[in-house]
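Fit chain B to the supplied structure of chain A, relying on the hints for placement.
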Amino acid sequence: MISEHPIEGLEISMNDLMLQLPVLDTVAESKKAEASSNPLTSDEIRRKLSTSGRQYWRSIEELADSEEFDAFVRREYPSQTSVLIDPVNRRSFLKLMGASLGLAGLAACTVQPKEEVIPYIKQPEEIVPGKALYFATAMPRMGGAVGLLVRSNEGRPTKIEGNPDHPASLGATDIFAQAEILQLYDPDRSQTINHLGDIRSWGDFITEITGRVSGLKSKKGAGLRFLTESITSPSLAAMMKGILDDMPEAKWHQWEPARGNSPFIASQAAFGAQVNSLYRFDKADRVLALDSDFMMGSDTSVRYARDWSQRRKVSSSSTDMSRLYVAETTISSTGANADNRIAIRPSEFEPFVGAVAAALGVAGANGQAVSPKQQEFANAVAKDLASAKGRSIIITGEWQTPYVHAMAHAMNAALGNVGNTVFYSDPVEAQPMDQVASLVDLALDMQKNEVDTLIILGSNPVYSAPADLDFAAALKNVPYIVHYGLYHDETAKYAHWHIPEAHFLESWGDARAHDGTVSIIQPLIAPLYEGKTAHEVLTTFTKNPSLQGYEIVKNYWTGGAKGGDVDRTWRRAVHDGVLANTQIATKTLAPAAANAQPSITPANGFDIVFRPDPTIYDGRYANIGWLQELPKPITTLTWDNAALVSKATAEKLQLHATLQLTGGEYETDVVHIEVDGRAVNAPVWIVPGHPDDTITLYLGYGRTNAGRVGNELGFNAGRVRSSKNMWFATGAKVRKTPKTYPLAGTQIHFTMEGRGAVRSATFEEYKKNLDFVHEKKDEEEPSKDNSLFPRYEYKGYAWGMTIDLNSCIGCNACMIACVAENNIPVVGKEQVLRSREMHWIRVDRYYTGAAEDPDTYFQPVPCQQCERAPCELVCPVDATSHSAEGLNDMTYNRCVGTRYCSNNCPYKVRRFNFLLYQDWTTPTYKMMRNPEVTVRSRGVMEKCTYCVQRIQNAKIDSEKENRRVRDGEIVTACEAVCPTDAIVFGDINDPMSRVARLKSDTRNYALLGDLNTQPRTTYLGAVRNPNPEISRIHVKQQGWEQSS
Amino acid sequence: MSNYETDAAVLDAPSPPMVNRFGEWLIIAPGHTFDSITEKISNVVLQMGTPRWWFGALLIGMAFAVGLFFALTVLVFKGIGIWGNNEPVGWAWDITNFVWWIGIGHAGTLISAILLLLKQEWRTTISRFSETMTIFAVMCAGLFPIFHTGRPWVAYWLFPLPNTMGVWPQFKSPLVWDVFAVSTYFTLSVVFWYIGLIPDLSTMRDRAKSSVVKKIYGTFAMGWRGSTRHWSRYETTCLLLAGLCTPLVVSVHSVVSMDFAVGIVPGWHTTIFPPYFVAGAVYSGFAMVLTLVLPARKLFHLEDFITMRHIESMAKVMLATGLIVGYAYVFEPFFGLVYSGNRYEKFLILNRAFGPYAPFYWTLILCNVITPQFLWWRKIRNNIVLLFIISIVVNIGMWLERFVIIAVSLHRDFLSSSWGAFRPTIFDILTFAGTLGLFLTLMLLFVRAVPTIPMFELKTSLPQAHRVGHPEEGTFEEEVAS
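Protein chains in written order, with my numbering: chain A, 1 to 1044; chain B, 1 to 482.
Isolated chain B, as found in the complex:
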């Protein structure tokens, strides 16, 4: 541990320019040392005290979460009839929310797994944030498949649990694939997240003053001492987990998309769904990371670590995936109207664009196709306020996309005599808003409980981490762990 005074001086110094000599944004503000990084990030949890806005936000989040609890309680006692679902719209907001939340989770996995394998150095700062977001998003998502069933207390029959009732999943159903995909995804995400947290937890343990807090962090740090052997195994594990997670980025949303692609409903029965859904998932995931990171960066004074470099990179990923999604939007009507020659598909495309839910479709086009085009401009990519707005617009757009795919396809399918419509009830709204509240609550607890940025990993981005020789100065790991 270094002494605090020097570091404080560093921290209070006027911010030096955040670009390198080539005019590129830096990953980390200049002048930072191993000490100052630890100091600044761990202080958010240990020193800063709880700001007032945090309580306010938590109150709002918990209020909505209580709404969720209430809505689900009524649901269990009364049945899903309290929602607006009907015949023919068997799935509506429930599955829309499920797919939306699962999609949001994708950014975390992509950042921690794929970008790790691709050695994208900038990912380190935002990796913890996005991984945490993944876990909470999947938790919110997971509520829906369970509670959307007519009898949630037997929803466990979707798992292959040996039992005396002879109930066994029907493996041809994409819903069973979903169970495996989502549960694997959640498990791996949690393991990956937790293992990535261990070195930082030990730092927190070492820096905490209260003995209770020390014990808590210590328990979760599982005796991490930062020995070379620890580090060596740690890095191997991370690499392996990253390898395991990589296919999940593609597989989870591909499987989710098959819930629809396997069905014969016009608007669902499309082979382009897996890649289209994955791109959409990454798109919405990055939008959500931006939605969360932009305020957090400001509120916790993390501008030094979450620099414009990160923000711009994320905006670029959004632009790229947004273009893929846009491409799919162009091709769906092409397939439906021209290529398929199928009258039901043709009708579906026209019904989406001009039917009773046309405003949803055109809003979705506006949100998901038009809005990201602004990201071509560097000025907009560097404008925090505009980016924040765009990220929220994209989130809305992606929710609408799922609603249009699920409910709007269902409401007018094959036989015109059975056409129907869907309108949400207060319980649909309470449930969805409730998951948002739950998510907010969990995120707020997260920022107060663990370092939001992986300190040890960020340090590897410092120039000091890359020096060679001078064995007398100690090993790299010792430095990092100090």
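Isolated chain A (complex conformation):
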């Protein structure tokens, strides 16, 4: 039936518009409505609308301002207007606010100057609606950069992949790069230029700042300070240099809260200059990681994890395998992947490193006494390293002390690794400095009232500065502060001007990777809000205060030259995402004799380790729900940080983390931690393998101005961190408080119960028995014909996947890539407590062995796509069914939500929308979503589809060319992101495909294969290569649980 309503077709838009009505003044509206006695008819509305033509949205807004329109709304949608007059509760208020702010942002999309962006694969003139394009760009971070390819759907960036040509990516990315999409579309990002609480224009700022700059210039810049993060952008550094040349009295401070300054100090001591250390893990047979989490969290981790895993791929013909030793003061992904690992408390770490160095005969090594176990470990490691001279690496975590760095440099030199596996180069950072000292200088100068203009670019020192500096109080002494950042954060509150930062996906820029390779950052979308690039902010200090970011960057690289060749080179660089041959040449340097002394003095009490959070880093990602809900790699905790302690320490302090019966909830004891007179309360989490009498505190939580998602989560470990104890503290007092706190974990049981989920062997055992994964009788896979139903013949494609457990490092990047690709919602802590997280692929971790010295295994579990799928049989409405290519398809709009399939799934990979988890209202989220994947509503089941949308795209392409899909043409989201190539997808009907060959490997086994589910996803057993000379704490496999 067609309604008599003449603008029926517009109804949905009108309804949508209602959502942003809070921007209207409702009281005034109601008065107007009373006054209006002659409401507009629908015909008139339509006429009005039709005359406005393409400017439909603006016209609606104009209409919305008119009395007639308002009366019309009242007449047509009485219920909705009344809703708006009613007081709204907090949640719906936030929803409405999100919607209106987002739309306000949309309205800010003004006409941009002509800036060419070049697609990586397809020419821009070939833009076909529905066809995604990929553009190369780069993500600057942590003193480096990661090259990216970003998928653009009709001009909206929707998914980030790694750039295979970029040295820090090689095609893979990590959790932070994946999450940048959500940060781009975060409705809580700062949206307007702000002066003392008033919204101002960019022109206002330029006018004011140029006036101030001319005043500063007359003083040669005295009193002017810049505070930035680490900068690797050559063009930005050049601008900075130009400004400082102009105003020699001005100072440039840098502050990265999660980067250690020891590499700077140690390199200065050892080489007399700043050098950048580069490692070639693909050439190393023996690796000793000294408190280094080189596989996760830094700008190089993707590359290093890839290189390391190359030496871990084993096959029946392998004769050797690399060996990784990890000595660490807390637990990390790298430690979990070690062949031999030793946990050492911070105050004993330097003597241990000294012992290793002494055993290697390094001059200057301190022969302090260490425990017998540590000595045994040190001797065995030294012996093994000595047998692999020139083929080993000793890598130190940036948070370790200068002494440890100095020893590592010396040991690498002694082992002849320099020039073989370890390389030195000039730094990629524009101006390396001891950032802690730099920040302390700034704080002291502010206290002395020596700073009158402070420009803060991208940093949030009020939150992240060491507590002893009392940065917020010092800021009050500064008469003029400009803050530039993505969020109106803790620091922005103290600033006079706040300039919203353009996200790197909205900006022109450039950045250097760890090896010096330059990438041009090109925007994927015009700034959603009034964001400016750092270049544009700095240019206000120059002669051309209103230059655009594009011109600045292009002029820097082309020197302003125009013409065919220059343009072609520029286009090439933008297109490729890397500027060819821009690596910094490596050098072979010999370190000076180490004369550093251990700097950590043991003290009575507990040792504290500070670390950036594994998922929200130093707090900059606090408002990113994807990262908050991503389980922390080792603990599986979400939405909170905790004080990590060992089992023995927990027993000593009588601390408990008691599992509740809701599914994911732990009621944990809260401890009071006091360091140097500063204190913080933290919930505890007991981790196997953590050193005793040591507490690990993750930074990044306890934010107060992070945004609606990230505010008031966890505790701020920075409150007990001082500029003297940046990464370690000793002599902490810890006591149990009567309070408890609920923590949300995604996994509550960490032993395999002997069920062979992860099958592993040592390299020796593997060489003796290549078929070790099929040893146990009760894990035997029955014959494939063992069924009442006839066997289906897959004639065309038969999709399958293998996951190499020997390569998986448990970084969780696959989980977040899947979230981004498949529009998976964030459910929030409350729901994770109830065990309702929605991740389609999860990474299980299992411990074996003793709680003091466990082996950790990771196992990514997506839908296994069983050929005899238990879920399909029991669905009463055929909502889950088998495709002719062996996919276990899910028809969302047919699902009635009985959850029977999930009950019957032995892998528990199905996820149910218990409530409406998707945000259907926030407009920016609508832009963010992958248009090729259904956005699920509440009440339906969902699960991994092997990225069926990618399969279909490849099939369409291949059918147009009348060929079969090539091996490797389809890359699932999890496979694409994986830094170690652990996940391989392909057609198992093609015997030459990578996946088919891997499936014929002896290490290949089906998870729960004894159930005869015949999964298409199979696993390759893990092989570890421990040093037999290092004794382990052997216990009969025992249950280990948080609650025990």
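Mixed in with the good hints, there may be bad ones.
So these bits of chain B aren't anywhere near chain A, every CB distance computed over 12 Å [as the list claims (entries may be wrong)]:
(1) PHE34
(2) THR219
(3) SER251
(4) ARG343
To spell it out: a stretch of chain B is covered by chain A in this simulated footprint if at least three of its residues, at any positions, have a beta carbon under 8 Å from a beta carbon of chain A; those stretches are [claimed, not checked]:
(5) 73 to 84
(6) 88 to 102
(7) 148 to 158
(8) 170 to 179
(9) 229 to 238
(10) 413 to 422
Because the hints were derived from the structure by calculation, they are not lab data.
Idealized CB from N, CA, C, for every residue including glycine.
Leaving out everything else, chain B in the frame of chain A:
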């Protein structure tokens, strides 16, 4: 109609002994006539007036029913996330309640169908009560499969309704079998119950004083006049329906049990489930009949008709089915630990007994295995208070049994990484308590609206009904209908 005075005298007379000369309990107290039976039973509805406690009980029942309405409204608007269900425990209180209510219904069908075919005379008194209980229990049960779905508004897709969307049930799924089993069961139960009610409705029509009430009863009596032809057809129909219902006693709960037995979850995937579930259903059904009949008998002074004979017989049925259930409890661990050789089954059995939900398991053993053993003693079978307590304990035990089978099996299945737990929310509790309230409300309305005991059938238990000859005294049916 006889005159009231004589009957009143009979009724007020001191109760004669309720046992026959062999010491067996009588089905009906001595001294009753056709008239007095009609009088006494129909008076509960027509004459007695509404007692105060009835209003009180109705208020409580309706309060809970309103709670149910509230909980389901929130559920429809928010989603089943308001319950405690999660991954991996996809089914918890919802399906537990469903199976529990369906089980309770079984006593009615068993009494009206199987005992009818077996010519168990004592069944007549309690048949209406238990049949009514069946219908209301199935109504309560039916709420759960509908509302436990994520999208209740499309739950009808489980029915094979031809439509343009191409949605059609997937007949391999036991949930579809459930739809057929339960809907057939409900339909037949209602038809059987209603047909059994017709002769009594006509009696009520004839005895009602208010013309409105007369019209209402008259409408539902569908013109019953008690002619020989009516009776002949009536009896044939009843026999046929009883025949149809008999397989249902076995089939419904067998099918319900297949929801689990077809699944591969350890603790579900068991071939003993169909008979085990049927026995459990009858067990809980009889417990519920006792829970209802014992107070009703007292409150409506029906001791003459619901005699110790009935109560003891029901207790015996409970004992017998309780032993079957106990046997299953013994065999489940045997299969799991010894016979299957399956590590998941082994773990499940140990997890039930010693895992986080062990208190539930041991309470269930206490309720369902230990408690019925008291019924071996005749003294306890004849003690109304103890029986009432036992019947409630068994009801609790049977609810726990379903919870242990459903939720406790699910919370720790194959991969230890995916283990979870379940804790109910206030909405779980409101929903379950709400169905109890709804059930109570419906039962209270029932006792005030129709005769709780089939008068005409009870009369066949009188010695007068069995006399032969004397055609001048009129036919049997005329007597009965008088």
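Each hint tested on the structure:
A cut-off of 12 Å between C-beta atoms confirms that PHE34 of chain B is not in contact with chain A; the least separation is 52 Å. Even its closest Cβ contact with chain A, about 38 Å, leaves THR219 of chain B beyond 12 Å, as expected for a residue assigned away from the interface. At roughly 18 Å from the closest C-beta of chain A, the C-beta of SER251 of chain B stays outside 12 Å, upholding its exclusion from the interface. In this structure ARG343 of chain B is not separated from chain A by more than 12 Å, as the shortest Cβ-Cβ distance comes to only about 6 Å.
With 6 residues having a Cβ less than 8 Å from any Cβ of chain A, the region 73 to 84 of chain B passes the three-residue criterion, so the hint holds. Chain A is given as covering the region 88 to 102 of chain B, and this holds because 4 residues of the stretch bring a CB closer than 8 Å to a CB of that chain, at least three being needed. A stretch counts as covered by a chain when three or more of its residues have a beta carbon under 8 Å from one of that chain; for the region 148 to 158 of chain B and chain A the count is 8, and the coverage holds. Proximity of the region 170 to 179 of chain B to chain A, defined as three or more residues with a beta carbon under 8 Å from a beta carbon of that chain, is established by the 7 residues found.
With 0 residues carrying a beta carbon less than 8 Å from a beta carbon of chain A, the region 229 to 238 of chain B misses the three-residue requirement, and the given coverage is violated. A stretch counts as covered by a chain when three or more of its residues have a beta carbon under 8 Å from one of that chain; for the region 413 to 422 of chain B and chain A the count is 10, and the coverage holds.
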